[in-house]
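Colleague: Sequence:
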Amino acid sequence: MKIDLADQINEILLDSIKKIIRQDNFQIKDIPKMILLIPKNKSHGDLSTNIAMQLSRELKSKPLDIAHLIVSNLDIQDTIVDKVKIAGPGFINFWLNENWLYKILDEIREQGENYGKVNLGKGKRVQVEFVSVNPTGPLHVGHGKCAAVGDALSGILKAAGYEVEKEYYINDQGKQIDILGQSVQVRYNNFLEEKREFPADGYKGEYIFDIAKEIIDKFQDKYKGRDDKETQEFFKVFTLKKILSGIKKDLKDFGVEFDVWFSEKSLYEQNKLQEVIELLQQRGFLYEEKGALWLKSTVFGDEKDRVVIRENNIPTYFASDIVYHQNKYQRGFDKVIDIWGADHHGYINRMKAAAQALGYSEDFLDVLIVQFVTLIKDGKEVGMSTRGGEFITLRDLMREVGKDVARYFFLMRSYDSHTEFDLDVAKSQSMENPVYYIQYAYARICSIIKKAEQEGIKIDKNKKVNLHLLDKEEEIELIKKLSSLKEVVRKSALTWKPHLLTTYLYDLASSFHKYYTVHRVITEDKELTKARLILIDCTRMVLFNTFKILGISAPESM
RNA sequence: GCGCCUGUGGCUCAAUAGGAUAGAGCAACGGACUUCUAAUCCGUAGGUUGGGGGUUCGAUUCCCUCCAGGCGCGCCA
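Okay, so the first sequence: first residue is 280 according to our numbering, each after it adds one.
Keep in mind the hints are simulated off the structure, nothing from the lab.
No experiment lies behind these values; they were computed from the predicted model shown.
Take these hints with a grain of salt, some might be off.
What the hints assert, rightly or not - With a cut-off of at most 30 Å between alpha-carbon atoms, the simulated DSSO-like pairs for lysine-lysine come out as follows:
(1) Lys544 x Lys508
(2) Lys396 x Lys321
(3) Lys508 x Lys521
(4) Lys396 x Lys454
As the list claims (entries may be wrong) - Pairwise CB distance ranges, derived in the manner of DEER restraints:
(5) Lys319 x Asp385: 23 to 31 Å
(6) Arg562 x Asp642: 13 to 21 Å
(7) Ala571 x Arg505: 32 to 40 Å
(8) Lys319 x Ser340: 24 to 32 Å
(9) Lys743 x Lys656: 53 to 61 Å
(10) Val578 x Glu389: 51 to 59 Å
(11) Asp622 x Ile593: 19 to 27 Å
(12) Arg692 x Gln549: 40 to 48 Å
(13) Tyr596 x Gln561: 18 to 26 Å
(14) Ile755 x Val539: 40 to 48 Å
(15) Glu536 x Lys656: 28 to 36 Å
(16) Ile593 x Lys656: 37 to 45 Å
(17) Asn320 x Val586: 40 to 48 Å
(18) Asp642 x Arg589: 26 to 34 Å
Glycine residues also receive a C-beta, built at the ideal position from the N, C-alpha and C atoms.
Starting from the given sequences, assemble the full structure and let the hints guide the process.
Modeller: The following block contains the structure:
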């Protein structure tokens, strides 16, 4: 494996700094992390570092002086670096030998679908748990955002060398499931002209009626007027199954496949609660007060202690979650990421406190909060309460704008900004949609390659093509974009920001469209044509790889 | 009252772990199809980064404070 060019520059910089420290007897604790960045402005070189400014504080000396010292000790013999210059307040800018650009193309061709992968995770096991919506109704638009973010983040972490497991936690027991069953049961009886009172906090959605109708179709009046244990259980189980299979189908059609569907009920069946209570008791983090059992979550920074077992002996929702996270830990993950909606952010502290009370390190569990989606339809906001029954489902959204548009829209901005999703705009502007813009770049490339094939132009993998012919400004620009994929993957895996990749996609597509407008790929010049075909094929590959990480499809024609 | 998130051109958002002249798209205006897909490209205009302080070589980014919006503060889930 070749040395990364950033690594190479890091190395010679480090050598130089070490030399200075020795020569001039500087005292220094640690050398700050070297940050090499690609300057926005071309006149600042191909790569740049601010290390001199970073060191200035520690060395108590002017950034410019340090920069000069570093540069004069820099050994650029036999490296990719052509020229070094100091600029501004103390930036050290590097100009690279142009060969490096063409080496990028070789690398892409060599690695194919693997280009863009980095080994940040080194095989560490990460669990990403997301969506995990109570199975009391269909998924709505807000859940779609969580699904898109969770799935994309998982893809990013995989590309960054982590071993990722995606999980959906099903709250398939408890009070809300009882109410759900009752809601359907009442509707069922009402359809059969049996008077029943609808539960005060019952689920009012249209889908409840549909399920009731379905039960009539299948079982006629078998359960009419009955209210024994068996009947209640029947409505609960039937409804739960129905809704859950709907959720699974929605997610699958949205392109999200989970590795594990984890049932809350199964934890109780295995009597895991008792185990966890005993463990917490042993560790001294439980106490009784007012007939209830409390967790001392304040010890770990929670605002107040929390009830685990109620006065009436029924465990709280929180208790289940503690048991569930205990289970996650026992499955041996190095890291657990929970993705929650913004309405649950007040829950983070107690959950992290619980994890620590169980004895896990503070950074074992991290919770990522996805801010709400405000959906605009016909110019006004649409409410999204499951219980109230008024919402736009993820299914509706997919029907209206398609899977790719929906996913991209959720991912194109940072998940922690509350985004407005104007349905009318997403539909009516679909021709100017960023998704189409990007996919169009891909389709264009495919179409050129197809045409070249028809004209009998073939790229022989073994035959040398003179890539130095790719010397136009737009070509250099495009290759540089291609080269930065790995950096983007690394960064987004480190910061858990999928939108860095959507931004990158747009950027890359833009570079390609510009190139396309100015230069023709297929020309009379055979050698040039071949070189350009390689360039666009590499672009195609990079687009493809990024699409794959984000779960967006790559159409060969549009 | 306390906590979390947000505030950037008219609108929707970026800004790479604090970096160089704050960038895109939409909307506006003016251009480019005899071409491998015009679902594209080029140009013009548009900014006191909510206000005020601070930290330093440098702040959209970090700290304090105020203002505005969203969301939470249960022996609900």
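Colleague: Just to be sure I understand the hint, the distance between the Cβ atoms of Ile755 and Val539 should be within 40 to 48 Å; is that true here?
Modeller: holds, 46 Å
Colleague: If I claimed the Cβ atoms of Ala571 and Arg505 lie 32 to 40 Å apart, would that claim hold in this structure?
Modeller: For Arg505 against Ala571, whose Cβ atoms are near 36 Å apart, the range 32 to 40 Å holds.
Colleague: Are Lys544 and Lys508 close enough, with their CA atoms no more than 30 Å apart?
Modeller: holds, 18 Å
Colleague: Are Lys508 and Lys521 close enough, with their CA atoms no more than 30 Å apart?
Modeller: holds, 20 Å
Colleague: Return holds or violated for the Cβ distance of Lys319 and Ser340 against the range 24 to 32 Å.
Modeller: holds, 28 Å
Colleague: Can the suggested window of 40 to 48 Å be confirmed for the beta-carbon pair Arg692 and Gln549?
Modeller: The hinted range 40 to 48 Å holds for Arg692 and Gln549, with Cβ atoms some 41 Å apart.
Colleague: For Tyr596 and Gln561, compare the CB-CB distance with the range 18 to 26 Å and indicate the outcome.
Modeller: holds, 23 Å
Colleague: If you draw a straight line from the CA of Lys396 to the CA of Lys321, is it 30 Å or shorter?
Modeller: Since the Cα atoms of Lys396 and Lys321 sit roughly 27 Å apart, the hinted pair holds (cutoff 30 Å).
Colleague: Indicate whether the distance between the beta carbons of Val578 and Glu389 respects the range 51 to 59 Å.
Modeller: Holds: the Cβ-Cβ distance is about 54 Å, inside 51 to 59 Å.
Colleague: Is it true that Glu536 and Lys656 lie within 28 to 36 Å of each other by Cβ?
Modeller: holds, 29 Å
Colleague: With respect to the beta-carbon atoms only, verify the hint that Arg562 and Asp642 lie 13 to 21 Å apart.
Modeller: Once the Cβ atoms are compared, 19 Å apart, the range 13 to 21 Å for Asp642 and Arg562 holds.
Colleague: If you check the beta carbons of Asn320 and Val586, does the distance land in 40 to 48 Å?
Modeller: violated, 58 Å
In terms of the numbered hints stated before, the structure departs from hints 4, 17, listed from lowest to highest.
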